[in-house]
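Sequence order for the protein chains is A and B. Just so you know, we're using the working numbering here: the first sequence kicks off at 48 and counts up by one. Just so you know, we're using the working numbering here: the second sequence kicks off at 48 and counts up by one.
Because the hints were derived from the structure by calculation, they are not lab data. Misleading hints may appear alongside valid ones.
Derived contacts from chain A toward chain B, CB cut-off under 8 Å, selection only [said to hold, decoys possible]:
#: 1; residue: ALA73
#: 2; residue: GLU92
#: 3; residue: MET111
#: 4; residue: ASP117
#: 5; residue: GLY138
#: 6; residue: LEU141
#: 7; residue: CYS144
#: 8; residue: PHE146
#: 9; residue: ARG160
#: 10; residue: GLY161
Straight-line alpha carbon distances no greater than 20 Å define the calculated EDC-like cross-link-like pairs of lysine to aspartate or glutamate that follow [to be verified]:
#: 11; chain 1: B; residue 1: LYS224; chain 2: A; residue 2: ASP106
#: 12; chain 1: B; residue 1: LYS204; chain 2: A; residue 2: ASP132
#: 13; chain 1: B; residue 1: LYS204; chain 2: A; residue 2: GLU62
#: 14; chain 1: A; residue 1: LYS177; chain 2: A; residue 2: ASP132
#: 15; chain 1: A; residue 1: LYS121; chain 2: B; residue 2: ASP213
#: 16; chain 1: B; residue 1: LYS253; chain 2: B; residue 2: GLU379
From the three backbone atoms N, C-alpha and C, an ideal C-beta is built for every residue, glycine too.
Chain residues, written in single-letter form:
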Amino acid sequence: MAQMKFMCDAERCIECNGCVTACKNANDVEWGIQRRRVVTLNDGEADEMSISVACMHCDDAPCMAVCPTDCFYKTDDGIVLHDKDLCIGCGYCLYACPFGAPQFPQQNAFGERGKMDKCTFCAGGPAESKEEEYEKYGANRIAEGKLPLCAEMCSTKALLAGDAQEVADIFRQRVVHRGHEDGAWSNNQRASADNLAYDAARKG
Amino acid sequence: MNLIRSDLWRWLCLALALVATLGFTQLAMAQADPEREMTTAAPAIDADQWRQVRSGETGANYRDSRAESNYNLINSSGESWRQWRNRWVSPFGLIVIGGMIGIIVLFYLIIGRKDLEEPRTGRKLLRWPLFMRALHWSVASLFIVLALTGLNLLFGKFVFRGLFGDAFWGWMVSSSKLLHNYLGPIFGILLVVLLVSLIKDNLPKKHDLEWFKKGGGMVGKGHVDAGFANGGEKAWYWLLATVGLLVIASGFVLDFPNFGQGRDTMQWANIIHAVGALGLTAVSFGHIYIGTLGTEASLEGMTTGYVDEAWAKEHHNLWYEEVKDQALSEEEVAAQKGTKGSGDAAPSQPS
Numbered sequence: 048m049a050q051m052k053f054m055c056d057a058e059r060c061i062e063c064n065g066c067v068t069a070c071k072n073a074n075d076v077e078w079g080i081q082r083r084r085v086v087t088l089n090d091g092e093a094d095e096m097s098i099s100v101a102c103m104h105c106d107d108a109p110c111m112a113v114c115p116t117d118c119f120y121k122t123d124d125g126i127v128l129h130d131k132d133l134c135i136g137c138g139y140c141l142y143a144c145p146f147g148a149p150q151f152p153q154q155n156a157f158g159e160r161g162k163m164d165k166c167t168f169c170a171g172g173p174a175e176s177k178e179e180e181y182e183k184y185g186a187n188r189i190a191e192g193k194l195p196l197c198a199e200m201c202s203t204k205a206l207l208a209g210d211a212q213e214v215a216d217i218f219r220q221r222v223v224h225r226g227h228e229d230g231a232w233s234n235n236q237r238a239s240a241d242n243l244a245y246d247a248a249r250k251g
Numbered sequence: 048m049n050l051i052r053s054d055l056w057r058w059l060c061l062a063l064a065l066v067a068t069l070g071f072t073q074l075a076m077a078q079a080d081p082e083r084e085m086t087t088a089a090p091a092i093d094a095d096q097w098r099q100v101r102s103g104e105t106g107a108n109y110r111d112s113r114a115e116s117n118y119n120l121i122n123s124s125g126e127s128w129r130q131w132r133n134r135w136v137s138p139f140g141l142i143v144i145g146g147m148i149g150i151i152v153l154f155y156l157i158i159g160r161k162d163l164e165e166p167r168t169g170r171k172l173l174r175w176p177l178f179m180r181a182l183h184w185s186v187a188s189l190f191i192v193l194a195l196t197g198l199n200l201l202f203g204k205f206v207f208r209g210l211f212g213d214a215f216w217g218w219m220v221s222s223s224k225l226l227h228n229y230l231g232p233i234f235g236i237l238l239v240v241l242l243v244s245l246i247k248d249n250l251p252k253k254h255d256l257e258w259f260k261k262g263g264g265m266v267g268k269g270h271v272d273a274g275f276a277n278g279g280e281k282a283w284y285w286l287l288a289t290v291g292l293l294v295i296a297s298g299f300v301l302d303f304p305n306f307g308q309g310r311d312t313m314q315w316a317n318i319i320h321a322v323g324a325l326g327l328t329a330v331s332f333g334h335i336y337i338g339t340l341g342t343e344a345s346l347e348g349m350t351t352g353y354v355d356e357a358w359a360k361e362h363h364n365l366w367y368e369e370v371k372d373q374a375l376s377e378e379e380v381a382a383q384k385g386t387k388g389s390g391d392a393a394p395s396q397p398s
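Throw the hints in and build the complete structure from the sequences for me.
Below, the structure is given as structure tokens:
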């Protein structure tokens, strides 16, 4: 079985926010919630970099571990989904998540959280019918054999989605092609001993 | 005119072609020569940058495309919170609560109820007027509901989801959260009222030290002195006045996320809330045991408002000395309740 993963190649991301828009559009995400976000570090400086973040569908997902209702589950494809019928809006998944992925509609009094919403890797979620699934979780493109729209629409192919092995292969090729001596990890202590990427580029 | 236009077009096409060729050669050269690419490419994202991300430090030129997002790129405290909660608070909470129940059961089985040493005299002293009783039972019922719903939020999924299935479990846990979140603030306010009303009786005195040294009378012979509240009751009072208030304060932080408090604040609040509440729940078992099964004639003070002289003399001798001349016969108590409503008489507490 595949292990679905996102990967954002920060050297390619141009902060166009196309993924954010694609996601909102594909999933009809409710007002005030934005499942994907683009973060830019050192904006306007020489070492500016941007990265698109959403749920990373962790192998050992912290949200899953802390949920009081046990509403999360992992699909066979390694996608972390949750059941909105069980969600009580306690916010624990948000406390635990490394990526700020879970979000809550807050239209109730006292800031009481509604049912959590997060990226589903365009894989929908548990529901009785297709309509209900779309209403609650958005598109189920995986069921149609398609990858998440954010990655498919990415104009620079910075954002990759798919089986972890394939995503890793694509990124590895890029690193080799870029020919950084240290495999794109500067200040690598073992750079001189471990410069496989550099050698491969030379030979090619 | 036409001539000039076509001339212009020719020049434009030529220029375009030139630029395009130049561009392609540049591209081809770059592809062929990684070293050249390295010198012209944007600097690689290095480990230091990821370290900065992980530290949570955002800097002035940090941008997040999400509206009103106050999150950094990577929330590394989340994992610590998870470990604290799942590896320490949950298991040790269970041990503390289960241990407390075990100790009380053993204590009851081995040592048993503390019976009155002298027979009842039949004369009654007013200990808890109606207002205090109403306050106590309101706080007590809310405490029990909050403890049960809180325990369900922490441990329920391990038991009830498998037992009842998703539909009932979903209802059970969402009503737990609603009850917990809406009754919590009421409990908080009432507990503060309770603490304020009782502070005078619970100020520490010298004889309380003696009370603790003798384990409330369990160590050594003879009685230990106690005023209106004995050492143990005062300890419970001050536990509620410190840990209790901390639990309430952290509960408010968690219950009202609309004041812009961040994840980190709520993680801390959650740990403090859980540790404090589990501790209080464990100690409350002691309080409940002593007030009901553990001591003869204790509960009636909080149900009827009156206690027997014999009980007062044995458990609160200093208070008894102060109020003994206010003792009423059972007929007088009945008359009091009949005419004035239950227990509206002035409390026989030392002023």
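Hint check results:
1. ALA73: With Cβ-Cβ at 17 Å, over 8 Å, it is violated.
2. GLU92: holds (6 Å)
3. MET111: Constraint on A:MET111 not satisfied, violated at 10 Å.
4. ASP117: With a closest approach of 4 Å, the A:ASP117 hint holds.
5. GLY138: Where the cut-off is 8 Å and the nearest Cβ of chain B is about 7 Å from A:GLY138, the hint holds.
6. LEU141: Holds, about 6 Å.
7. CYS144: holds (6 Å)
8. PHE146: holds (7 Å)
9. ARG160: holds (7 Å)
10. GLY161: For A:GLY161, the interface hint is violated, since the closest Cβ of chain B sits about 12 Å away, which is over 8 Å.
11. B:LYS224 x A:ASP106: Answer violated: B:LYS224 to A:ASP106 is near 28 Å, above 20 Å.
12. B:LYS204 x A:ASP132: Holds: B:LYS204 and A:ASP132 sit about 15 Å apart, inside 20 Å.
13. B:LYS204 x A:GLU62: violated (41 Å)
14. A:LYS177 x A:ASP132: Measuring from Cα to Cα gives roughly 16 Å; hence the hint holds.
15. A:LYS121 x B:ASP213: Roughly 17 Å separates the two Cα atoms, so the pair holds.
16. B:LYS253 x B:GLU379: At roughly 36 Å apart (the allowed maximum being 20 Å), B:GLU379 and B:LYS253 break the hint.
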